[in-house]
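Undergrad: Since chain Z is already given, all that's left is putting chain R on it; use the hints.
Those protein sequences? They're chains Z and R, same order as listed.
Take 1 as the starting number for the first sequence in the working numbering and just add one per residue.
Take 329 as the starting number for the second sequence in the working numbering and just add one per residue.
No wet-lab data here; the hints were simulated from the structure.
For every residue, glycine included, the Cβ atom is placed at its ideal position computed from N, Cα and C.
Hints may be right or wrong, so weigh each one.
[To be verified] Facing chain Z, from chain R, some residues (calculated, C-beta under 10 Å):
{"hint": "1", "residue": "405"}
{"hint": "2", "residue": "406"}
{"hint": "3", "residue": "414"}
{"hint": "4", "residue": "416"}
{"hint": "5", "residue": "488"}
{"hint": "6", "residue": "554"}
{"hint": "7", "residue": "557"}
{"hint": "8", "residue": "560"}
{"hint": "9", "residue": "583"}
{"hint": "10", "residue": "587"}
{"hint": "11", "residue": "588"}
{"hint": "12", "residue": "611"}
{"hint": "13", "residue": "624"}
{"hint": "14", "residue": "627"}
[What the hints assert, rightly or not] The calculated label-pair distances, taken between Cβ atoms and stated as ranges, are:
{"hint": "15", "chain 1": "Z", "residue 1": "307", "chain 2": "R", "residue 2": "553", "range": "47 to 53 Å"}
{"hint": "16", "chain 1": "Z", "residue 1": "42", "chain 2": "R", "residue 2": "374", "range": "58 to 64 Å"}
{"hint": "17", "chain 1": "R", "residue 1": "414", "chain 2": "Z", "residue 2": "53", "range": "49 to 55 Å"}
{"hint": "18", "chain 1": "Z", "residue 1": "322", "chain 2": "R", "residue 2": "499", "range": "35 to 41 Å"}
Residues per chain are reported as follows:
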Amino acid sequence: MTAEPATLSGSALARALAEQEAPQARAARRRNHRRDVRAALLFISPWIVGFVVFTAWPVLYSGYLSLTDYDVISDPTFVGLDNYARLVEDPRIRTSLWNAFVFTAVRVPLYVAISLALALLLNQAGRAAGFFRTAFFLPTMTPPVAVGVLLLLIFNGQDGLINEVLGWFGITGPSWTTDPDWVKPALVLMSLWAVGGSVIILLAALRNVPQELHDAALVDGANAWQRTVRITIPMISPALFFVVVVNTIAAFQTFTEAYTAFFGSGNTTYGNDAALFYVIYLFRQAFEFLHMGYASAMAWLLFVVILAVTLVQLRVSRRLVYLEGDQR
Amino acid sequence: MTTSAGLEPGTPAPTTPGPALPVRPAPPGPFPAGRPRRGRLVRRGVVIAALVGLTAVFVYPFVWLVSASLKPRSQVFDNRIVPRTLTFENYVAVWREAPMLLWLANTVLVTVLAAVAVTLSSALVAWGFSYFRFRGRDALFGLVLATMMLPGAVTMIPTFLIWDALGQVGTLTPLWAGNLFGSAFYIFLLRQFFLSLPRETFEAARIDGANNWGVFWRIAVPLTRPALVVTLIFEFQAAWTDLMRPLIYLRDSSTFTLPRGLKALLDQFGFGGEWHWEIVVTASVIATVPMIILFFLGQRHFVAGITTGGTKG
Numbered sequence: 001m002t003a004e005p006a007t008l009s010g011s012a013l014a015r016a017l018a019e020q021e022a023p024q025a026r027a028a029r030r031r032n033h034r035r036d037v038r039a040a041l042l043f044i045s046p047w048i049v050g051f052v053v054f055t056a057w058p059v060l061y062s063g064y065l066s067l068t069d070y071d072v073i074s075d076p077t078f079v080g081l082d083n084y085a086r087l088v089e090d091p092r093i094r095t096s097l098w099n100a101f102v103f104t105a106v107r108v109p110l111y112v113a114i115s116l117a118l119a120l121l122l123n124q125a126g127r128a129a130g131f132f133r134t135a136f137f138l139p140t141m142t143p144p145v146a147v148g149v150l151l152l153l154i155f156n157g158q159d160g161l162i163n164e165v166l167g168w169f170g171i172t173g174p175s176w177t178t179d180p181d182w183v184k185p186a187l188v189l190m191s192l193w194a195v196g197g198s199v200i201i202l203l204a205a206l207r208n209v210p211q212e213l214h215d216a217a218l219v220d221g222a223n224a225w226q227r228t229v230r231i232t233i234p235m236i237s238p239a240l241f242f243v244v245v246v247n248t249i250a251a252f253q254t255f256t257e258a259y260t261a262f263f264g265s266g267n268t269t270y271g272n273d274a275a276l277f278y279v280i281y282l283f284r285q286a287f288e289f290l291h292m293g294y295a296s297a298m299a300w301l302l303f304v305v306i307l308a309v310t311l312v313q314l315r316v317s318r319r320l321v322y323l324e325g326d327q328r
Numbered sequence: 329m330t331t332s333a334g335l336e337p338g339t340p341a342p343t344t345p346g347p348a349l350p351v352r353p354a355p356p357g358p359f360p361a362g363r364p365r366r367g368r369l370v371r372r373g374v375v376i377a378a379l380v381g382l383t384a385v386f387v388y389p390f391v392w393l394v395s396a397s398l399k400p401r402s403q404v405f406d407n408r409i410v411p412r413t414l415t416f417e418n419y420v421a422v423w424r425e426a427p428m429l430l431w432l433a434n435t436v437l438v439t440v441l442a443a444v445a446v447t448l449s450s451a452l453v454a455w456g457f458s459y460f461r462f463r464g465r466d467a468l469f470g471l472v473l474a475t476m477m478l479p480g481a482v483t484m485i486p487t488f489l490i491w492d493a494l495g496q497v498g499t500l501t502p503l504w505a506g507n508l509f510g511s512a513f514y515i516f517l518l519r520q521f522f523l524s525l526p527r528e529t530f531e532a533a534r535i536d537g538a539n540n541w542g543v544f545w546r547i548a549v550p551l552t553r554p555a556l557v558v559t560l561i562f563e564f565q566a567a568w569t570d571l572m573r574p575l576i577y578l579r580d581s582s583t584f585t586l587p588r589g590l591k592a593l594l595d596q597f598g599f600g601g602e603w604h605w606e607i608v609v610t611a612s613v614i615a616t617v618p619m620i621i622l623f624f625l626g627q628r629h630f631v632a633g634i635t636t637g638g639t640k641g
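Isolated chain R, as found in the complex:
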């Protein structure tokens, strides 16, 4: 510990210590009394107006997509917000043209398994790196972090060969089973949360007779529930939207996930000479809507997770 004499001038007040950084409400403007009220109101008004305009720009492509999916084939490209002819025909057609329900089921299966597997395994590993003290711990944890620097392309081919040797190419297994071994980013994230818990809590549980597993499962895990939810929904999103691995591992259209299926529909109905863009547009909406729902359910956690990963990384 150094004394305050050693600190640089202008060292600000310490920032919020915990990893869960709730976004603080904006501080009041400087010198509220010293400035004319009207100037501030005008400025606030200009800011809000600009933000409303930008919001329109950001949200418009969604509106365009949903609107296009409700138009008949000939009007898909007319760029109107409100369809001239409102029809739900495309949603029937896409179900007829492609095994959407199967793709949806495959995606849900892969996504749930991937998210649960990575959350459990990363929590175990993060706990091993935060609660226990042993020689070489920091070096080993450095290795965990170092693996994040390795581009996925380097391990992509040998990993494919492993799944091929195990006879799993063509099945959904390679899309999630790798998650059973933890993932460096989530291990880092969860360790931050575990380290922020007061150690006395665990010592108290020990004295009450809890063993290592009990301390982890009954004390630490319930206390880190918000961070575990962050991990779950991050991985849920990553697994749901992934295209590259389904391209590598899935062969038969009955095993496709939604993104892989959407790519197949694009190849067939978009480029393939058939020009049924209304099918492609509708499938895009179907692949996207679950992510929007996920976001609105877990918005708070997304913000907390991104903030922690971004400011402590």
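With the rest of the complex left out, here is chain Z:
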């Protein structure tokens, strides 16, 4: 070893040792790295295959199909941007986009407000919270098809449960499932039944709000409302933002409940246009009318709309969401 080992500090000693071993160590490390890459690729390979076959190729092919006329039976014929031009003219596109926007714009704020209210209540419930959390979560386990069936039954205009309850208060309920003006409100109300997942997320966030902040505010004389608005909500704003974004994306693509209740082989009489959400229209174009090219163009429009909405939300969130230094 070196001449004055006693005067070397720990790190210098380590460095000296490392320098001595460097050539072999580096070669070994490189060998290890190569072996690591091979092993890693082997583990990742299912995803790589799936990505190429079920994501990359479909994305490219969908882009190509959107420029063609294609009915599955005969080969696609190239039509340029015709499908996109038709998107602009098709009144059903406007209707279905509008339906999706209205549904999302009404549902998401209600959904988030109710989840937050329930989570705040649960956070006050002490040991009983677990039991009630279960009760709120249970509806999210119901298959959406069954939710669609339930909607038709309990929102039935003549003898549905909802109108019977309204009747107790002397209110004559509307024909929820047949009046085009009331179809979307019924779908929104029914969808609020499934707030349980968001309640769990928000409750977990509430439990992570440090108690010291509340105590400090209490000392400063803040009342319960002020503490909620000034401390609790800013502290859980990342979770709130997550719930808003995820639910916006999901609401905009709503399909199963509305399709079950208002579309399908047996149902031709009801006011379908009121429940014609964008993804339902896309599905019908693709798999009922076999307009695969047109439906592909619709899918790209959907992609652009969702991307735009999400980017706007991200931008707004930068001003509204409070992020602790290292909590990401």
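TA: Below, chain R without anything else, positioned relative to chain Z:
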């Protein structure tokens, strides 16, 4: 590492680090001694009363549905909790009118295959992205996450054409086989769990002579069992309740899953001029009950999974 001087004022104590966030019991109210006890008790009472009322609202549609399935045809819409005439006739009738047992078997088959396939493949991929270090790893993982942004509608049609070219349209294969290649959300979820395991454990196993597969299968997988159960039951629920893919891929009623069958029953007995809603209601109960059982078996895991996905996402 920065020193504490660089931190913002009011930085709270670090939160629970691990991904499995057990919900902590609520902290005691502020200044328990400073407030009159009775005020707190009253407030707690009001909260509990409100929650009981809300619980009734949330659970009532279930009760309504089950109750309706136990009523004769003429009373299905009477909105009574306790049926005037209690009958199990509908449960016999639905078996006679539809191949319920076959639908149930199809659903179980698809659901089990879908859940097992996605759990195994996602665990493999997540392990590849968490244990090994190689150039381009983070970029590639970014691509995994980016695929979550792509709406399913974009890939829906070409995916259908793939299964069509393989002659699988009309069979149950397209409902689960895509899961053999992992799923971005579960890969993300499982990677979080793998990253939370202490690396020394694996190095120790290596020194004891375990190869890559051994470290994964005998050390990492047993240690992440809770996360794997989360993945299993999430996918179980997703596959059990899916309607869109069965609508796209299934043609003959002998291949239907329960949701697809329920939709067919609704079209036939609800709208189709026959007005046998008691059949539709009973089939709805049959499609729902397994999910309720799943929830009560795996409640803890549902909460843990949703919390991880929601707070780390």
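Undergrad: Against each hint, give a clear statement of whether it holds in the structure.
TA: Comparing the hints with the structure gives:
A cut of 10 Å between beta carbons decides the hint on residue 405 of chain R: the least distance to chain Z is about 4 Å, and the hint holds. Because the closest C-beta pair between residue 406 of chain R and chain Z is about 8 Å apart, less than 10 Å, the hint holds. This hint is violated: residue 414 of chain R has a C-beta 19 Å from the nearest C-beta of chain Z, more than the 10 Å allowed. A least Cβ separation of about 20 Å between residue 416 of chain R and chain Z goes past the 10 Å threshold, and the interface hint is therefore violated.
A least Cβ separation of about 8 Å between residue 488 of chain R and chain Z falls short of the 10 Å threshold, and the interface hint therefore holds. Here the hint on residue 554 of chain R is broken, as its CB sits about 16 Å from the closest CB of chain Z, past 10 Å. Given hint, residue 557 of chain R at the interface with chain Z, is violated; its Cβ is 16 Å from that chain's nearest Cβ, farther than 10 Å. Checking residue 560 of chain R against chain Z: minimum C-beta separation of about 15 Å lies over 10 Å; hint violated.
Evaluation of the residue 583 of chain R hint against chain Z yields a violated restraint, the C-beta minimum of about 16 Å exceeding 10 Å. Nearest Cβ of chain Z to the Cβ of residue 587 of chain R: about 4 Å, under the 10 Å cut. The hint holds. Taken as an interface hint, residue 588 of chain R checks out: its beta carbon lies about 8 Å from the nearest beta carbon of chain Z, inside 10 Å. A cut of 10 Å between beta carbons decides the hint on residue 611 of chain R: the least distance to chain Z is about 8 Å, and the hint holds.
With a cut of 10 Å, the hint placing residue 624 of chain R at the interface with chain Z holds, because the nearest CB-to-CB distance is about 8 Å. Among the interface hints, the one on residue 627 of chain R holds; its C-beta lies about 6 Å from the nearest C-beta in chain Z, closer than the 10 Å criterion. For residue 307 of chain Z and residue 553 of chain R, the hinted distance range of 47 to 53 Å is not satisfied, since their beta carbons lie about 37 Å from each other. The beta-carbon spacing between residue 42 of chain Z and residue 374 of chain R, approximately 59 Å, falls within the hinted interval of 58 to 64 Å.
One distance hint, 49 to 55 Å for the beta-carbon pair residue 414 of chain R and residue 53 of chain Z, holds here, with the actual separation near 53 Å. Checking the proposed 35 to 41 Å range against residue 322 of chain Z and residue 499 of chain R shows it is violated: the Cβ atoms sit about 51 Å from each other.
Of the numbered hints stated above, those contradicted by the structure are hints 3, 4, 6, 7, 8, 9, 15, 18, listed in ascending order.
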